[in-house]
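Just so you know, the protein sequences line up as chains A and B, in that order.
Numbers 27 to 555, taken from the working numbering, label the letters of the first sequence in order.
Numbers 825 to 1198, taken from the working numbering, label the letters of the second sequence in order.
Read the hints as simulated data drawn from the structure, not as lab findings.
Glycine included, every Cβ here is placed at the ideal spot set by N, Cα and C.
Heads up, some of the hints might be wrong.
[Unchecked claim] So the derived label-pair ranges between C-beta atoms look like this:
#, chain 1, residue 1, chain 2, residue 2, range
1, A, L60, B, E882, 53 to 61 Å
2, B, I862, A, F38, 47 to 55 Å
3, B, D933, A, T87, 47 to 55 Å
4, B, E899, A, K250, 55 to 63 Å
5, A, F246, B, A850, 52 to 60 Å
6, B, G912, A, I521, 25 to 33 Å
Listed below, chain by chain, are the residues.
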Amino acid sequence: MGMDMKEKIRDFHQARWDEPVIFELSAPGERGILVPEGGPLIEAAGKKALEELPEGMRRETPPALPEMGQMRVLKHFLRLSQENLGADFNIDIGQGTCTMKYSPKVNDRLAGSPKVADLHPLQDESTLQGALEIMYRTEQLLKSISGLDRFCLHPGGGSQALSGIAAIIRAWVDDHGLRDQKDEIITTIFSHPSNPAVAKLRGFKVITIYPDPVTGRPDFEAFKAAVSDRTAALMITNPEDIGLYNDRIREFTDLVHAHGGICSYDQANANGILGVTRAKEAGFDLCFFNIHKTFSTPHGCGGPGCGVIGAAEHLVPYLPVPLVGFCEESGKYFLDYSVPKTIGKMKDFYGVLPAVVRAYAWIMNLGAEGLLEVARVATLNNNYVFQKILKMKGAGAPPYAEGEHRMEQVRYSFQKLKEETGLGIADVQNRIFDYAGHIWTSHEPFIVPEPFTIEPTESYSRDELDEYLAILERIVEEAYTDPEILRHAPHRSVIHHVDHDYLEDPKRWAITWRMYRKRFDGYFQPKDA
Amino acid sequence: MFRLGLIVNPVAGMGGRVGLKGTDGADCLAKARELGAIPLAPSRAALALRVLLPVKDELCLFTCPGLMGETAAVEAGLPFRAIGLGVGPQTGPEDTKEAARRMAEAGVDLLLFAGGDGTARDITEAVGENVLCLGIPAGVKIHSAVYAATPLHAGEAVLSLVRGRRPSRRLAEVMDIDEEAFRKGEVRSRLFGYLPVPADRRHLQGLKSGSPRSEAALQKAIAADLLEKLKPGALALVGPGTTTRELKRAMGFEGTLLGVDAAKDGKLVAEDCGERELLELIAREPEGNVRIIVTPIGGQGFLFGRGNQQFSPDVLKRVGKENILVAAVPGKLSALAGAPLRVDTGDPRLDRELSGYTKVVTGYHEAVMAKVTA
Chain A
27 MGMDMKEKIR
37 DFHQARWDEP
47 VIFELSAPGE
57 RGILVPEGGP
67 LIEAAGKKAL
77 EELPEGMRRE
87 TPPALPEMGQ
97 MRVLKHFLRL
107 SQENLGADFN
117 IDIGQGTCTM
127 KYSPKVNDRL
137 AGSPKVADLH
147 PLQDESTLQG
157 ALEIMYRTEQ
167 LLKSISGLDR
177 FCLHPGGGSQ
187 ALSGIAAIIR
197 AWVDDHGLRD
207 QKDEIITTIF
217 SHPSNPAVAK
227 LRGFKVITIY
237 PDPVTGRPDF
247 EAFKAAVSDR
257 TAALMITNPE
267 DIGLYNDRIR
277 EFTDLVHAHG
287 GICSYDQANA
297 NGILGVTRAK
307 EAGFDLCFFN
317 IHKTFSTPHG
327 CGGPGCGVIG
337 AAEHLVPYLP
347 VPLVGFCEES
357 GKYFLDYSVP
367 KTIGKMKDFY
377 GVLPAVVRAY
387 AWIMNLGAEG
397 LLEVARVATL
407 NNNYVFQKIL
417 KMKGAGAPPY
427 AEGEHRMEQV
437 RYSFQKLKEE
447 TGLGIADVQN
457 RIFDYAGHIW
467 TSHEPFIVPE
477 PFTIEPTESY
487 SRDELDEYLA
497 ILERIVEEAY
507 TDPEILRHAP
517 HRSVIHHVDH
527 DYLEDPKRWA
537 ITWRMYRKRF
547 DGYFQPKDA
Chain B
825 MFRLGLIVNP
835 VAGMGGRVGL
845 KGTDGADCLA
855 KARELGAIPL
865 APSRAALALR
875 VLLPVKDELC
885 LFTCPGLMGE
895 TAAVEAGLPF
905 RAIGLGVGPQ
915 TGPEDTKEAA
925 RRMAEAGVDL
935 LLFAGGDGTA
945 RDITEAVGEN
955 VLCLGIPAGV
965 KIHSAVYAAT
975 PLHAGEAVLS
985 LVRGRRPSRR
995 LAEVMDIDEE
1005 AFRKGEVRSR
1015 LFGYLPVPAD
1025 RRHLQGLKSG
1035 SPRSEAALQK
1045 AIAADLLEKL
1055 KPGALALVGP
1065 GTTTRELKRA
1075 MGFEGTLLGV
1085 DAAKDGKLVA
1095 EDCGERELLE
1105 LIAREPEGNV
1115 RIIVTPIGGQ
1125 GFLFGRGNQQ
1135 FSPDVLKRVG
1145 KENILVAAVP
1155 GKLSALAGAP
1165 LRVDTGDPRL
1175 DRELSGYTKV
1185 VTGYHEAVMA
1195 KVTA
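Isolated chain A (complex conformation) (with noise of 0.2 Å):
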């Protein structure tokens, strides 16, 4: 039998295995696969190459990997995949700003075909042409999207697109011989905390802006105070995080653009203005997209993915190396170097050429008018949820922008949950997995109490939508009447309750196997203690 499809909770049961870390399985000498010898030939070119290695580089003793038969690794991560979740499982809307939106699996056939799988990053050019074709087509197509003028495909995410956005702020303001009078970037709290982050990095000293408490959108005048010759770029998104669409957006640049700055616009959030509005008319002069996130390419757990920077005419002599030019005269594609000024490379070979190949598919499967019905479902979908979670017992969203719609995501908060049972999102997070469900507490910025950020994207049915709905109504319903079901959650998951005392403490951390067998004994026990 399956679920009930009236009451739509289903009966789930994750697979649990108590498998344990890869290198607890080695036996010494085991092998996956018999390599053949190379035969004295081959064997004498090796040892040449292993001479030519600088001294400190060659190490004395081989790596300790795990040494495995080949059956032993495929039950290994067999099991694990079965202890994990995904938008390819369960209803993945609770990972706002995310933007988990289903990837065609035509698109991966495409990806994985050998023309684009098997080559090699060191081929020469004339053998590429159809891979840079794709490139020099996407980035039309980008151009087109954002209105800047041109793009690179380099950076693996967002926040290294943002990272090369900063390095451009960086060179252009030193470019000019303003280093020390132009040291100050000003972003907003409810932007990606990336765009802070890389102004650091770079040596900026951050303003942020916090949102004007009855509009919701950046405090106008917080930001007029702000802006000085000082600015050298503004760094913001939208719309940002909360889902509200910041429709003074032009005002800001304006400001800045008056006092000399540049203006970076995080498109990362996109899927809700594709064919709305765009960054050119907005008076952004830099922009990024995700387009692992918008142009659904699958995530990859953090990568690789790929975040393209676009820029208009004046600063594209900055722009990352390589760009994909075409050379009508020869009627060929080439890997473009000569950016005069550009910041350099950002990665190795040409970027994540999978992720653009699943990317272009995906354009131009849906053509202009695809990508704006794209953008009208996905906030269509995201109204429809916002409405049913705002009547919701014990859920709501942060009191502003009061009677307007949002655009493709809504940060909402558990605080009248919290505060009428003890219970908030993080124990809302720990049982949902009991459902098959994810939800994500997205603290970042802390600003909204017991947050959490839906983004419902296009490719969900409203069935599919209820389903979720009636999880979280479920769970909600349990902190009311059945408290201790959530303390101890959950009971159907992997493992139970994770505590999260000891994400904040590094003294408790082990990320590497390395760092565990100097730090640990047993299951966690301090060596010191």
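On the provided structure of chain A, position chain B as indicated by the hints.
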């Protein structure tokens, strides 16, 4: 066994329902009783204790006689041990203090108390920073940061401790409000001291603020930024608070936690200065050579007029608005939920001058443009 101490201040909160804005002092209590006030704190404490029923076998509850604890334990259905405190029919601050001292001697893992700011003050006086504490909000005035948001939050926080959570400690502010003034509609508060509370962001502060560890790191980062802003030879008048205390430490001295200290080039010039002393110090300096460094006090975001009245209108005018440096950990600003920072110097014209937008240092080379109003 988890050793839990419970002290209930039965008169806490009695003044509230009958409009007395507090219940400090015997006269006031008598008046509250006359107006028909009944003790509320024991029931508030029982609400918190009820959360602990699933772990009652792992718990050793020490408490005081009658309304000071037993009543709540009985109401919640939790077994308890008396600490052998003799109290009269009318309990007072001395009873709270004596009970707290005995709990400390009994070696409780946590001292849970139900009351208001006055109760927190008494506990601070009795056991200082030696015992891990947590307040159940039951009083009229709750300006101290040692209280959980609601009795249920307090219960959940204790429950997680009994079940083996071992969070680090953080020092939370105990505020002292002048009830006389409060009744006249003025909020005058000062920082009385600090109590160690479990750093439990789920129950004490919600998910609004960072971990205590990162808070300490942020305070160090703020100190580094402020140090950079202090030109050699400048006289720094550093206000109270844990954030500004890090600046004092970075300068190389401990100073006072609750007072205003003066320093120059990393050396302490004068400790715990009053208004007159500050004016004398300022008079010796060339114009524009003095900086005031403050952090908002308590949960209401006051820059001046709460907890640092030494910075009088005269002092502020002589130093000048442009020489005031404001610093705060981001969590403190977030906790204001969009409300502006406040000034209440006692001089309305000066308050207007200090209003507007000001840069608040929130980290090393990090600032927030914050609104200040009178």
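How the hints compare with the structure:
Between L60 of chain A and E882 of chain B, the C-beta spacing of about 56 Å keeps the proposed range 53 to 61 Å intact. As the Cβ distance of I862 of chain B to F38 of chain A is approximately 49 Å, the hint placing it in 47 to 55 Å holds. At roughly 48 Å, the beta carbons of D933 of chain B and T87 of chain A sit within the given window of 47 to 55 Å. For the pair E899 of chain B and K250 of chain A, the supplied restraint of 55 to 63 Å holds, since their beta-carbon distance comes to about 56 Å.
Under the hint 52 to 60 Å, the C-beta atoms of F246 of chain A and A850 of chain B, about 54 Å apart, fit the expected range. The hinted window of 25 to 33 Å between G912 of chain B and I521 of chain A is violated, with their beta carbons roughly 53 Å apart.
Violated hint for the displayed structure: number 6, the only one.
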